Amino acid sequence: GDSVTQMEGPVTLSEEAFLTINCTYTATGYPSLFWYVQYPGEGLQLLLKATKADDKGSNKGFEATYRKETTSFHLEKGSVQVSDSAVYFCALSENDYKLSFGAGTTVTVRA
Amino acid sequence: GAVVSQHPSWVICKSGTSVKIECRSLDFQATTMFWYRQFPKQSLMLMATSNEGSKATYEQGVEKDKFLINHASLTLSTLTVTSAHPEDSSFYICSARDQAVNTGELFFGEGSRLTVL
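Chains A and B, in that order, are what the protein sequence lines are. Numbers in my numbering are just positions in the first sequence, counted from 1, shifted up by 457. Numbers in my numbering are just positions in the second sequence, counted from 1, shifted up by 2.
Chain A extracted, bound-state conformation (with noise of 0.2 Å):
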C-alpha cells in the first residue's frame, strides 16, 4: 500500500539558517504529494502540493520538487524564522481526498 517517510526530528534551527526535511514514498500509482504544517494550537494547513512529476511546489519561502525518480518530495527553505516552528507532514494521495501522512517533523527555530 501508499506510504510515506519523512525525516525524524524534532529538528532545532537558528533564524537564517537552511531547513532541509526529507520525504520519501511508496505508491502503487502516480499520487499527489503534499507538505502540511500545523503551527502550535491549530489544524493542519496545506502548505505546498505537486501533482505529477518534476512539479515545484512553493509557498511562504518553502519549495519541494516531486522527484519520481528517487520517490522523493524533500521540503526545503533557504532562511528560516522562528515563525516557521511547527510539525511538518509530508503526505500522498492516489486520489484527491485520502491522504496517507509521514510521522511528521517537529521543527523549533530559536532567535
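Because the hints were derived from the structure by calculation, they are not lab data. These numbers were taken from a predicted model, which means no experiment stands behind them. Incorrect hints may have been included.
[Unchecked claim] Cβ-to-Cβ under 8 Å is the rule here; a few derived chain A residues that face chain B: (1) Tyr496; (2) Pro497; (3) Gly500; (4) Leu501; (5) Gly518; (6) Gly535; (7) Asp541; (8) Lys555.
We put the CB at the ideal spot given by N, CA and C, even for glycine.
Fit chain B to the given chain A structure using the hints.
Below, chain B alone, put in the same frame as chain A:
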C-alpha cells in the same frame, strides 16, 4: 481560508463511558469529512470517511461499532467513541473538503485529545 472546528479540544473520561467529538465546517459545506487518529510520534491514520446523509466508510481494521460516525448535516460530523478504554486514548483529527470549490484541498480541525482513565 475555510475553517474547520473540533469540539472538545481535549476530554478526559472514565473507562467504559462514551465520548462524542464534533467536527464542524464553519464557513463552507462539506458532503465528505474524514476522521484521523494520531498516536504520539506517529502518522495520522485515516479511520473513516464520513458521508453526509449516508453511512460512513471505515478503513480496514477500524471497528465500526466502536467508532460511530454520524454526518447528519452539510456542516457537522460527529465521532462517538463507545465504551472507551485506555487504549482508545489518542489525538483525533477531522478534515473536510469545500464541495463548492474544486481544488481538492482538505481543511483540518485543530484536533481533539482523548484520555481514557
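Tested hints:
Interface restraint check for A:Tyr496: the shortest CB-CB distance to chain B comes to about 10 Å, outside 8 Å, so the restraint is violated. Against a cut-off of 8 Å between C-beta atoms, the interface hint on A:Pro497 is violated, since the closest Cβ of chain B lies about 10 Å away. For A:Gly500, the interface hint holds, the least distance from its beta-carbon to any beta-carbon of chain B being 4 Å, beneath 8 Å. The criterion of a C-beta within 8 Å of any C-beta in chain B is met by A:Leu501, whose closest approach is roughly 4 Å, and the hint holds.
At a threshold of 8 Å, the smallest CB-CB gap from A:Gly518 to chain B is about 19 Å, leaving the interface hint violated. Residue-level restraint check for A:Gly535 is violated (minimum Cβ-Cβ distance to chain B is 25 Å; threshold 8 Å). Checking A:Asp541 against chain B: minimum C-beta separation of about 19 Å lies over 8 Å; hint violated. The criterion of a C-beta within 8 Å of any C-beta in chain B is met by A:Lys555, whose closest approach is roughly 6 Å, and the hint holds.
Going through the hint list in order, the structure does not satisfy hints 1, 2, 5, 6, 7.
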